[in-house]
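Number of protein chains: 2
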Amino acid sequence: MLPRQFQNLIKHFTKFPSIGSRQATRFVFHLLRQPNDQFTDFINELARLKNEIKICPNCFFIFDSFNSVQDKKNGKENKICQFCSDPKRNQNIICIVEKEADILAIEKTGHYDGTYHILGGNIYTLTEESENFILKNLKNRLEKSTGKNIELILALNPTPEGDATASFISRELKNPNIKITRLARGLQRGADVEYADHETLTHAIKNRQ
Amino acid sequence: MLPRQFQNLIKHFTKFPSIGSRQATRFVFHLLRQPNDQFTDFINELARLKNEIKICPNCFFIFDSFNSVQDKKNGKENKICQFCSDPKRNQNIICIVEKEADILAIEKTGHYDGTYHILGGNIYTLTEESENFILKNLKNRLEKSTGKNIELILALNPTPEGDATASFISRELKNPNIKITRLARGLQRGADVEYADHETLTHAIKNRQ
Numbered sequence: 001m002l003p004r005q006f007q008n009l010i011k012h013f014t015k016f017p018s019i020g021s022r023q024a025t026r027f028v029f030h031l032l033r034q035p036n037d038q039f040t041d042f043i044n045e046l047a048r049l050k051n052e053i054k055i056c057p058n059c060f061f062i063f064d065s066f067n068s069v070q071d072k073k074n075g076k077e078n079k080i081c082q083f084c085s086d087p088k089r090n091q092n093i094i095c096i097v098e099k100e101a102d103i104l105a106i107e108k109t110g111h112y113d114g115t116y117h118i119l120g121g122n123i124y125t126l127t128e129e130s131e132n133f134i135l136k137n138l139k140n141r142l143e144k145s146t147g148k149n150i151e152l153i154l155a156l157n158p159t160p161e162g163d164a165t166a167s168f169i170s171r172e173l174k175n176p177n178i179k180i181t182r183l184a185r186g187l188q189r190g191a192d193v194e195y196a197d198h199e200t201l202t203h204a205i206k207n208r209q
Numbered sequence: 001m002l003p004r005q006f007q008n009l010i011k012h013f014t015k016f017p018s019i020g021s022r023q024a025t026r027f028v029f030h031l032l033r034q035p036n037d038q039f040t041d042f043i044n045e046l047a048r049l050k051n052e053i054k055i056c057p058n059c060f061f062i063f064d065s066f067n068s069v070q071d072k073k074n075g076k077e078n079k080i081c082q083f084c085s086d087p088k089r090n091q092n093i094i095c096i097v098e099k100e101a102d103i104l105a106i107e108k109t110g111h112y113d114g115t116y117h118i119l120g121g122n123i124y125t126l127t128e129e130s131e132n133f134i135l136k137n138l139k140n141r142l143e144k145s146t147g148k149n150i151e152l153i154l155a156l157n158p159t160p161e162g163d164a165t166a167s168f169i170s171r172e173l174k175n176p177n178i179k180i181t182r183l184a185r186g187l188q189r190g191a192d193v194e195y196a197d198h199e200t201l202t203h204a205i206k207n208r209q
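Chains as they are written, first to last, in the working numbering: chain R, 1 to 209; chain V, 1 to 209.
In short, the hints are calculated from the structure, not lab data. Take these hints with a grain of salt, some might be off.
To be verified - Below, a list of computed lysine-lysine pairs in the BS3-like style, where the Cα atoms sit at most 25 angstroms apart:
| # | chain 1 | residue 1 | chain 2 | residue 2 |
| --- | --- | --- | --- | --- |
| 1 | V | K50 | R | K50 |
| 2 | V | K11 | R | K99 |
| 3 | R | K108 | V | K11 |
| 4 | R | K11 | V | K108 |
| 5 | R | K11 | V | K99 |
Throw the hints in and build the complete structure from the sequences for me.
See below:
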């Protein structure tokens with residue numbers, strides 16, 4: 001009953017994370033009712049997304065390949081992201097995260113000045129192929145800095161999946177020149193000791209400061 | 001920290017119904033990771049949405065203005081929707097709904113062969129301007145069919161907002177030639193009489209069949 005173009009768009013939106021067909025339908029109606037200038041702006045921004053935003057070959061974070069319109073005119077393109085290219089950041093500290101949003105959360109603390117490395121998942125969600133690709137890439141990155149004191153911070157979730165991924169990486173990258181650490185575990189701000197789970201409380205006692 | 005284009009797109013997605021900034025961010029990452037052909041297809045479908053899908057000037061439902069590629073080549077454009085142009089549907093029965101999705105639900109029952117009229121909201125969400133526009137439009141539509149037996153079915157939600165809207169329309173369109181009805185109220189399938197709310201049960205008893 002709905003026009004074919006409409007249904008095609010619904011299909012696209014149902015591929016979005018956590019979107020079902022009912023909400024996808026609401027999205028398309030929303031777009032259809034949007035003023036023309038806003039709608040055109042949306043399409044233009046989308047078109048620019050893949051053309052101008054690149055993925056850093058070093059750490060896999062995203063970056064704007066052209067800093068300014070002038071750079072774009074001159075064809076002066078950035079090759080790596082803001083973290084990997086920043087001389088003020090310690091390039092010998094690499095924080096390994098599962099996904100981009102984890103980097104945003106860590107940056108918000110304002111207490112980290114090293115670099116990052118995005119895995120794109122954990123060892124349960126990654127295929128063997130992507131696992132090998134990530135390991136090869138990490139090893140290459142570490143080899144380039146041989147001789148220096150490297151610290152790898154495994155900023156993975158304190159879940160069975162995160163723990164397994166951390167063990168796997170620690171084992172694969174074992175090397176006397178590399179210090180491997182993990183984020184501290186303990187009570188969350190506002191938590192109640194009485195209701196803290198067994199594992200969290202154990203960590204909080206053992207690693208008391 | 002996120003590229004400007006990326007942030008612009010997040011802003012667009014936060015305007016989507018029930019989407020916050022966190023989910024909007026996930027949407028943009030999703031699009032960025034999508035294979036190029038799927039992404040291009042998505043943009044093309046979006047561009048076609050506003051060009052090819054029109055809103056019926058009679059009932060405000062959407063329709064494909066070109067039935068086929070051939071029609072498009074010949075410039076043979078549809079002017080009204082499938083319901084308003086269908087000779088098999090009873091054009092003297094008009095079902096008034098709040099939004100498009102209500103039509104989809106009613107059509108699914110397979111037990112309605114009249115036409116529709118979309119209000120685009122209820123009297124609490126509509127502006128005075130859009131209210132006047134809707135009334136004028138409905139009156140025009142009814143005038144065109146003068147002399148015939150018209151039935152207006154108010155298929156509005158059984159909520160205070162829906163009830164107020166129904167009263168308003170009934171009052172404004174009062175006319176001896178127009179029969180105004182509302183959807184029956186009563187117990188839902190699978191409901192428990194013990195737990196039915198007072199109003200539903202009152203309706204179910206009064207209108208027992």
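Hint check results:
1. K50(V) x K50(R): holds, 22 angstroms
2. K11(V) x K99(R): holds, 21 angstroms
3. K108(R) x K11(V): holds, 19 angstroms
4. K11(R) x K108(V): Judged against 25 angstroms, a Cα distance of about 19 angstroms means the pair holds.
5. K11(R) x K99(V): holds, 21 angstroms
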